[in-house]
Amino acid sequence: MRHAITLTINGAAKTIEVDPSQLLVELLRDTLGLTGTHVGCDTSQCGACSVMVDGRAAKSCTMLAVQADGATVITIEGFAKGGQLHPLQAAFTKEHALQCGFCTPGMIISSADLLSRTPDPSEAEIRHALAGNLCRCTGYQNIVAAVKSAAAQMRQAPAAATAEARR
Amino acid sequence: MTATATPYIGSRVQRKEDPKLIKGEGIYTDDVTPPGTLHLALVRSPHAHARINKIDASAAKRQPGVVTVLTGADTAATGPLPCFITLPNLKSAKHFPIASDRARYSGDAVAVVVADSRRAAKAAAAMIEVEYEPLPVVIDARAAAAPGAPILHEELGTNIAYVYPVKGGDIDKAFREADVVIKHRIKNQRLIPNAIEPRSVVVRPDEGGGLTVWTSTQIPHFVQLITSLNLGLSQNKVRVIAPEVGGGFGSKLNVYAEELLAAFLAKTLGRPMKWTEERREGYLATIHGRDIVEDVELAAKKDGTITGLRIRGYANLGAYLQAFAPVIETVLHIFIIPGAYRIPAFDCEITGVYTNTTPTDAYRGAGRPEATYLIETTMNMLARELGIDQAEVRRRNFVPKTAFPYTTITTLAYDSGDYDQTLDKALAMADYAGFEKRRAEAKSRGMLRGIGLSSYVEICGLAPSKANHALGVGWGGYESARIRVHPTGAVQVFTGTSPHGQGHETSWSQIVADSFGISPDDIEVRHGDTFESPGMGVGTFGSRSLAVGGVAVHKAAEKLREKIKLIGAHMLEASPEDVVFEGGKVHVKGVPDKAKTFGEIVFQSYMAFNMPDGMEPGMEATYYYDPTNFTFPFGTHIAEVEIDPEVGTTKIVHYVACDDCGVQINPMIVEGQLQGGIVQGIGQALYEGAVYDDNGQLLSGSMMEYHVPTAADVPNVELSHTVTPSPVNPLGVKGIGEAGTIASTPAVVNAALDALGTLGIKTIDMPLTPERVWRAIKDATPKEVRK
Amino acid sequence: MISAEFAYQRPTTIQEAVKALAGAPDAKVLAGGHSLIPLIKLGLAQPSALVDIGRIASLREIKTAPPGVTLGALVTHERLATDPAITKAYTALADAAISVGDPQVRARGTIGGSLAHADPAADEPAAILAFDATIKAIGPKGERTIKAADFFRGTFETALAADEVLAEIQLPAQPARTGSAYVLFPHPASHFAVVGVAAVVTRSADGKIAKAAIAVTGASTRPFRAGAAERAFTGTGGDDAAVAKAAGLAAEGIEALEDLTASAEFRTHLLGVCTRRALNIALERAK
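Residue numbers (this note's numbering), protein chains in the order written: chain A, 977 to 1143; chain B, 10 to 796; chain C, 3 to 289.
Since the hints were derived computationally from the structure, they do not count as laboratory data. A couple of the hints might just be wrong.
Said to hold, decoys possible - Below, simulated EDC-like cross-link-like pairs (lysine to aspartate or glutamate); rule was C-alpha separation at most 20 Å, straight line:
1) B:Lys310 / B:Glu186
2) B:Lys32 / A:Asp1006
3) B:Lys410 / B:Glu394
4) A:Lys1070 / B:Glu138
5) B:Lys787 / C:Glu260
6) B:Lys25 / A:Glu1053
7) B:Lys70 / B:Asp149
8) A:Lys1124 / B:Asp429
Note that the structure is a prediction, hence the values are computed from the model and not measured.
So that you can see chain A by itself, here it is in the shape it has in the complex:
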């Protein structure tokens, strides 16, 4: 039996019929065409599928779409607002924190989750916060640098940053 769910995705409210066994990531990618969210594994290890669900990073391959009923979901496509990059997006470019780009959306989502709760994280805190996101290209060093750089940026404009992170 299919279930109608209502959720807000990147600011737009949607009501969609889903099958109970449909994963949230399948709803995003296959039904809604939001292909910026990626699938890199089948055992909840790689974090490429991370999206914001009610303000927190979640692995959308380990969530049923029906579980997101009523939720506010933000995918990487919803991060830049009105042509303005999120500070994390800008910092990832500036610090060369991506190569093939496949893990990048998930990395940005997890980093945003961290910064929404820990505005000035230490290197160790950043590394632990990203332990659920695998990258095979960068060796993580520049990702850590990007998160630090974005954090500094966001602390300078705390009001805007907070609004951004909770959006």
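Got chain A sorted already, so can you dock chains B and C onto it with the hints?
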């Protein structure tokens, strides 16, 4: 068009690739789903070796959504999968996308389901009943080469695919005259590449009988070539697109079963086909890397001078030969084993063997990490044996700066180098002199601290076509580029390379920018589409893209640069010798105001009324660049580790590197390649290893078991560099894609062995798991008693 | 991708949940989903229906109800790791919770899910055992409580009946001078316990060990209390020799698991080390 006089080569230009990728707008293969797409699911053998007696797909075929189910016999028209290598006496087994008589590894495909959804295909695949007759299994290369081993390919009569010897100098004399002989067995364990994007392929039949193929590959042109040859399609009817590719590391350097099957099915059924691998499926069906065991004997004088090196090894090829498999542990491995050292006598023989395991092929470094690991761990054993400092033993054997170009005992002609300089710089960065104090301090905390060096030389830029041919590589080693300057001055570069994270869009635009004196922002680099790029692009692997493909781009740009200069001179009514082309303008020498801009000249090339007589109109150039030699980057990496002897954990506490890849186009990208490569090499040293049981079942079958390092596992690395330009190419570049991986594995293991050496431990197998380290400590006869 | 089909219900009260479970044989309770969904994806669980208790608000609460603390089944690992009610008095549980998986998993995964799933290498069961917690289950016949010691029956097996919902975990009050710690030797990839040890120690006024609880996960087919070690440690002065002796007894009577990551011998060794380290931290915290 922004004219500029600043050189872009050497500057940290921000990547052109990033804007779409950080916004989730990059299109990867699995993001492509043409209307009416059907989905494939492969049925894979659970047995590592079994005769296929019967396949009953009747129930599966009745499932809703299922279009058809095909077996090996039904799909034989795909033809075999390619191996591009021809070594002398190579015994090459037939390899079809779907096995028909017997399955030879756990994961070998035995049937394919085509259905209208991925789920329907998967569900139906689970309902197919296959009657297997299990056969004896052999997973170890040495065992498979021994008499009486179960034979995988009966038509070959043996599991031995090749025996590859390389000899030079008088090896018997070397051992006769040696004061000391170091013997040990070195294992480079089997690794799973783990590009974070799983493989994926989409094939759409086009009007007129053609096919458009989107695939996650490093070699779109080879996919095009094989698809067209095997399926009997004219090559112009097969368009292969490698869109964004989410990492490769060699694992996408093949023409895979699923690519050929999807193309065959799209052609025969007339519907778009799609297959995307699941990670656990990929662990079985995508190539593995490494897996070679070598017995090493190093002969040396008391002062540490090497006199000879003898090696006998067995490489595990898995069940079939993949695209480049036979060169990995031969050509790409043996020739570079001497590394940075003068070795007067050399005798190496590697036997490549079929086993009931997933096929192995190129994985980041491909043969060269194995070589560096071999020589660098052996150098440290020599140092320990003779009581010589590990830096000193290297210095005493280095090829000196004055000896370049230097021909090695294995006949490689090293282009340029200054090995002492990178070593000295790395030693200073690591505070090597102060290490013993840190070791003592760690000991007071109950920790074992060690420091390890790795001075590597790599072969890059695969390479001169003549060398490729002589070595058995069945294709040229050139790369292609085409530059099109539109009448408005807009510049498009089409490259034969196929990047998947390496930043070619950025680096290539820097190269062209300097030729034209314009900004990289005004240059678009396009890649990975066989209908756009020049007729043949060889692709991206073996750290070849810059030293071959980047130089091809440069050569094409220089052709146009010359043409611009000639037209400019003509427009200025000056002789070509009297003008200069700089800062985006051609002007008369000493008269900067008397100038024609890049845009004006390009426009004139299309108006074509005011050009030198006989000159071809337009502004477009193609260049196929075939280098005269390989390039040989080098450097020294130093790792410092602490081992908790109680539980066997190894932590990298400091890591420094000084690398020389010749001229750097974009230092930011160079550093990124190194950082990622180093972590991948650390993965091999400490964490990664594919493990089979005796029945050929992959025990490390998912990311839950196989540990890909996370951010929390690895340190920051400190990088520096020297620049010794390569004389081989006009840019002076060498290559950097694999150096980090090549260098870091032995640096980390040498550091661990330096720490463990205080307990008398001489060797340890990778990965250095806590249990292995703990056991080594437990079994050691301590030279000193720990408190 | 999930190949199997199943029905889905999302009750808003526990009573409705119990009813839904009763109405669907082979139904499974879905909480955060971070244990169950991976199993379904791998085809290792094939429920006919999922009863999603995720919206039952009362199950999200941490109630400080002297003399103890009651945890709703839906309390997340992350909350356990950070809520002062847990980090102060039940530090070993907070330690265990922060050891679970990764940040995304901790933010959605729940204590109830972890306990009901009963992975023999899960972190929190060790702490639950060490604190002598009680588990409240609600089924068609009403409520019942199950002692933690009776709850874990085997690998993925608990005392919970198929028609019961794990509703709450009651943590008894801890006496003064109690300290606790959980020390984990993690699997590098899965982050599950190769060995994890939760230790809870209470000193008496004279400094002697009045009570010691040592619970182990990862080492055997189910989490267990290291009785011999506890008995040996109780009554001692908690000195290094006593700690070492207890650590040496932690594996008494069990047959350690053996897998790719650790042989039985190494696991047994790790169990001793983790026990010693956990006891030392717990003692430090008991001051």
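Satisfaction of hint between B:Glu186 and B:Lys310, Cα-Cα up to 20 Å: 8 Å, holds
Given hint B:Glu138 paired with A:Lys1070 - CA-CA distance at most 20 Å: 54 Å, violated
B:Lys25 paired with A:Glu1053 [C-alpha distance capped at 20 Å]: Measuring from Cα to Cα gives roughly 19 Å; hence the hint holds.
20 Å limit on alpha-carbon distance, applied to hinted pair A:Lys1124 and B:Asp429: 36 Å, violated
Holds or violated: B:Lys787 to C:Glu260, with C-alpha atoms at most 20 Å apart: The given pair, whose Cα atoms are some 19 Å apart, holds under the 20 Å limit.
Pairwise hint evaluation, B:Glu394 against B:Lys410, where the allowed Cα distance is 20 Å at most: With Cα atoms ~27 Å apart, B:Lys410 and B:Glu394 exceed 20 Å; violated.
Restraint status (C-alpha distance of B:Lys70 to B:Asp149 at most 20 Å): Judged against 20 Å, a Cα distance of about 38 Å means the pair is violated.
Pairwise hint evaluation, A:Asp1006 against B:Lys32, where the allowed Cα distance is 20 Å at most: 18 Å, holds
The earlier numbered hints that this structure contradicts are 3, 4, 7, 8.
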